[in-house]
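Enquirer: Residue numbers (our numbering), protein chains in the order written: chain A, 101 to 480; chain B, 101 to 480.
One should not assume that every hint holds.
What the hints assert, rightly or not - Quick list of the computed label-pair ranges, beta carbon to beta carbon: (1) Asp208/B / Glu217/A: 35 to 43 Å; (2) Asp385/A / Asp262/B: 56 to 64 Å; (3) Trp465/B / Arg114/A: 51 to 59 Å; (4) Gln125/A / Ser239/B: 24 to 32 Å; (5) Glu217/A / Asp119/B: 37 to 45 Å; (6) Gln248/A / Asp364/B: 46 to 54 Å.
FYI, nobody ran anything at the bench for these hints, they're computed from the structure.
Fair warning: this is a prediction, and the values are worked out from it, not measured in the lab.
Ideal Cβ placement from N, Cα and C applies to all residues, glycine included.
Number of protein chains: 2
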Amino acid sequence: MKLLHTADWHIGRRLHGFDLTAEQQNAYAQIEQIAQEEQVDGMIIAGDLYDRRLPAETSVAMVDSMLQQLNLTDQIPIYAISGNHDSATRLATGTPWFKATHLYLHTDLSQAFQPVELSDTQLFLCPYFEPFDAQQYFSDDSLQHLDQAFERVVVEMKQHFDPTKKHVLVAHFFAAGSSTTDSETNLTVGGLAAVPTDLLTDFDYVALGHLHGKEALQSPTIRYSGSPVKFSLSEANQEKGVWIVDTAYDPVRLTFKPITPIHDVQQVTSSFAELMNPDDNDTVDHEDYVGITLTDKQPIPNVMARLRDVFPRIVTLGRTDGFETQVRYHGESSKQIRQKSPMDLLDDFYEKVAKESLSPQQEKWAKAALKVAREEGNQA
Amino acid sequence: MKLLHTADWHIGRRLHGFDLTAEQQNAYAQIEQIAQEEQVDGMIIAGDLYDRRLPAETSVAMVDSMLQQLNLTDQIPIYAISGNHDSATRLATGTPWFKATHLYLHTDLSQAFQPVELSDTQLFLCPYFEPFDAQQYFSDDSLQHLDQAFERVVVEMKQHFDPTKKHVLVAHFFAAGSSTTDSETNLTVGGLAAVPTDLLTDFDYVALGHLHGKEALQSPTIRYSGSPVKFSLSEANQEKGVWIVDTAYDPVRLTFKPITPIHDVQQVTSSFAELMNPDDNDTVDHEDYVGITLTDKQPIPNVMARLRDVFPRIVTLGRTDGFETQVRYHGESSKQIRQKSPMDLLDDFYEKVAKESLSPQQEKWAKAALKVAREEGNQA
Numbered sequence: 101m102k103l104l105h106t107a108d109w110h111i112g113r114r115l116h117g118f119d120l121t122a123e124q125q126n127a128y129a130q131i132e133q134i135a136q137e138e139q140v141d142g143m144i145i146a147g148d149l150y151d152r153r154l155p156a157e158t159s160v161a162m163v164d165s166m167l168q169q170l171n172l173t174d175q176i177p178i179y180a181i182s183g184n185h186d187s188a189t190r191l192a193t194g195t196p197w198f199k200a201t202h203l204y205l206h207t208d209l210s211q212a213f214q215p216v217e218l219s220d221t222q223l224f225l226c227p228y229f230e231p232f233d234a235q236q237y238f239s240d241d242s243l244q245h246l247d248q249a250f251e252r253v254v255v256e257m258k259q260h261f262d263p264t265k266k267h268v269l270v271a272h273f274f275a276a277g278s279s280t281t282d283s284e285t286n287l288t289v290g291g292l293a294a295v296p297t298d299l300l301t302d303f304d305y306v307a308l309g310h311l312h313g314k315e316a317l318q319s320p321t322i323r324y325s326g327s328p329v330k331f332s333l334s335e336a337n338q339e340k341g342v343w344i345v346d347t348a349y350d351p352v353r354l355t356f357k358p359i360t361p362i363h364d365v366q367q368v369t370s371s372f373a374e375l376m377n378p379d380d381n382d383t384v385d386h387e388d389y390v391g392i393t394l395t396d397k398q399p400i401p402n403v404m405a406r407l408r409d410v411f412p413r414i415v416t417l418g419r420t421d422g423f424e425t426q427v428r429y430h431g432e433s434s435k436q437i438r439q440k441s442p443m444d445l446l447d448d449f450y451e452k453v454a455k456e457s458l459s460p461q462q463e464k465w466a467k468a469a470l471k472v473a474r475e476e477g478n479q480a
Numbered sequence: 101m102k103l104l105h106t107a108d109w110h111i112g113r114r115l116h117g118f119d120l121t122a123e124q125q126n127a128y129a130q131i132e133q134i135a136q137e138e139q140v141d142g143m144i145i146a147g148d149l150y151d152r153r154l155p156a157e158t159s160v161a162m163v164d165s166m167l168q169q170l171n172l173t174d175q176i177p178i179y180a181i182s183g184n185h186d187s188a189t190r191l192a193t194g195t196p197w198f199k200a201t202h203l204y205l206h207t208d209l210s211q212a213f214q215p216v217e218l219s220d221t222q223l224f225l226c227p228y229f230e231p232f233d234a235q236q237y238f239s240d241d242s243l244q245h246l247d248q249a250f251e252r253v254v255v256e257m258k259q260h261f262d263p264t265k266k267h268v269l270v271a272h273f274f275a276a277g278s279s280t281t282d283s284e285t286n287l288t289v290g291g292l293a294a295v296p297t298d299l300l301t302d303f304d305y306v307a308l309g310h311l312h313g314k315e316a317l318q319s320p321t322i323r324y325s326g327s328p329v330k331f332s333l334s335e336a337n338q339e340k341g342v343w344i345v346d347t348a349y350d351p352v353r354l355t356f357k358p359i360t361p362i363h364d365v366q367q368v369t370s371s372f373a374e375l376m377n378p379d380d381n382d383t384v385d386h387e388d389y390v391g392i393t394l395t396d397k398q399p400i401p402n403v404m405a406r407l408r409d410v411f412p413r414i415v416t417l418g419r420t421d422g423f424e425t426q427v428r429y430h431g432e433s434s435k436q437i438r439q440k441s442p443m444d445l446l447d448d449f450y451e452k453v454a455k456e457s458l459s460p461q462q463e464k465w466a467k468a469a470l471k472v473a474r475e476e477g478n479q480a
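For reference, chain A alone in the conformation it holds in the complex (with noise of 0.2 Å):
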């Protein structure tokens, strides 16, 4: 079976502040387009299909029509699993109707065992859960920790084991062993949450969701697809794309297809002149939603509205060194201050700050201000 791995759609999701709809839907029809050219059996998402428990309408109906487009006008099946962002019980509705067209949307952990057959593979979709659920499903309270659980959760899964076809895990955890981003919400600490990837030995293929790097693991045999979009400043430099897996090669055959976004994600680091005034050789596209870490280390008046006008999507603004130049009036003592004219104090503050004495427009507004201010001190 050729089977498309993809995870973490995040459907809802922002980049500070950023709507990301389009790059989303733009993500989308690549994934359905590599489906289709690839002529794939089947297509995994290994949950995190909303960002929210409670997702907007137009993220429910952006999900509803992207399963439809896969499902029932394409007609490929689909082999899903709710993940920790999503709401296991709103995405159940209408599950049971679903197998009908092989559209299998596994979201409690009592679903996990049954695989689903296919002519060489049996699938088991095993939705994100926590050890509290395994408490439940097999009436034992030792399961404190997630790698416990999900040790039993493997011999169970064992038992259904047909010797004769190939056994493909799809789940949504942190696997030990993996380097996370800081886009995935810190759900859990330290080794608590992780699952020591000894435990997935016996699968041929083991398809994961969560972390958003496919660098994540480099196993020949369990894989992160990472999320189609980039979500975060730190995915910066990750290729996004999905995993093709073969099974019907030993050990199953992985094909990795790019996606391409409509804009990129990058960490720019350069002089605030540089980037306002950029060569020949500039390799940043000015659309991207950039990182940007100026080197330059005075104060830059107005620095982010004249950013903007050059790069529309700015996420960050930082220094590499912070200021050279802190803002004190070294050599005069606060009495001396104090004497000063409020104007005059003004005038000094905004010659430390941007390298320059105010304009005769700018010293008019700033008399016209004080004025008003001295008057409404006056009558309080």
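Let chain A serve as the given structure and place chain B on it in line with the hints.
Expert: Just chain B now, kept in the frame of chain A:
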């Protein structure tokens, strides 16, 4: 065809803070039983499955489970629409798959015109819509009011009429001539949203949702089923249940099948003494949800807590005549009052309100409290 007509389930609704889950499950179980005993060919649910556009997970799980039971387990065809309390978008999830098992759930005006074809009947499922939706669908800005829009909708439906069949309309709105109760949200004002019943005469039966009492319309062919549960005190005297509609007869034959609540809702008008000391002729079920109107004229200390000992489900408490004794100090000048000690003032007040003196224990508590207050006053 024999159809069961219900509406306005409002799953998730509360009655003055009381959870109605058990009542709603109980009513649902009776609806299921009636459908089975009557061997109906299908069930009409005329909108407002949910009480809110954004239902809680528990409500989602409840509606999911009810529809699965009726349609997948009992194999009863379902003909449903969204109402003004539902989110059409959220309710639409999964609907393209549902048709395979004859669960029709229309949530968009565009779905209203293609009837569901039964052997002897055409079913037009028209979800709740607003004039704006009709303007969009017909590309006609002149459809400013619901009556105009609905007239146009009916014209369009009639183009799909098969003259050899009966024609049943399922809709959710306020039909002119209906009497309202106070538990429907007043989304629309006055005549604006009312649809004249003469627009509905081309149908052999119109199964309406929105108003919660089956008596709201008395037409032999246009009916509200009412809600299966009493959702407000104004519904206390309504008989709840469902209609069985047999389209084999001309005019259609209607039979009302009542639903029995676990605890009824009723309005009780009585004196405090009679309520607290029921005699053998007492007809009030103390377990009911009761709106109590007291005939007493004097203040009654701690009245709600004392009544709740006898009636655990009080939803409102009022008075027929208000209070006879206004709490005022007649005959004393404000100077005289100011000369009284706090303890004397409290004594006077309590006697006015409670028609009895403070008990020795109450006096002790009051003195202790006044001492603390005095000490804190001295410190301040």
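Enquirer: Out of the numbered hints, which ones does the structure contradict?
Expert: Hints that this structure does not satisfy do not exist here, as all of them hold.
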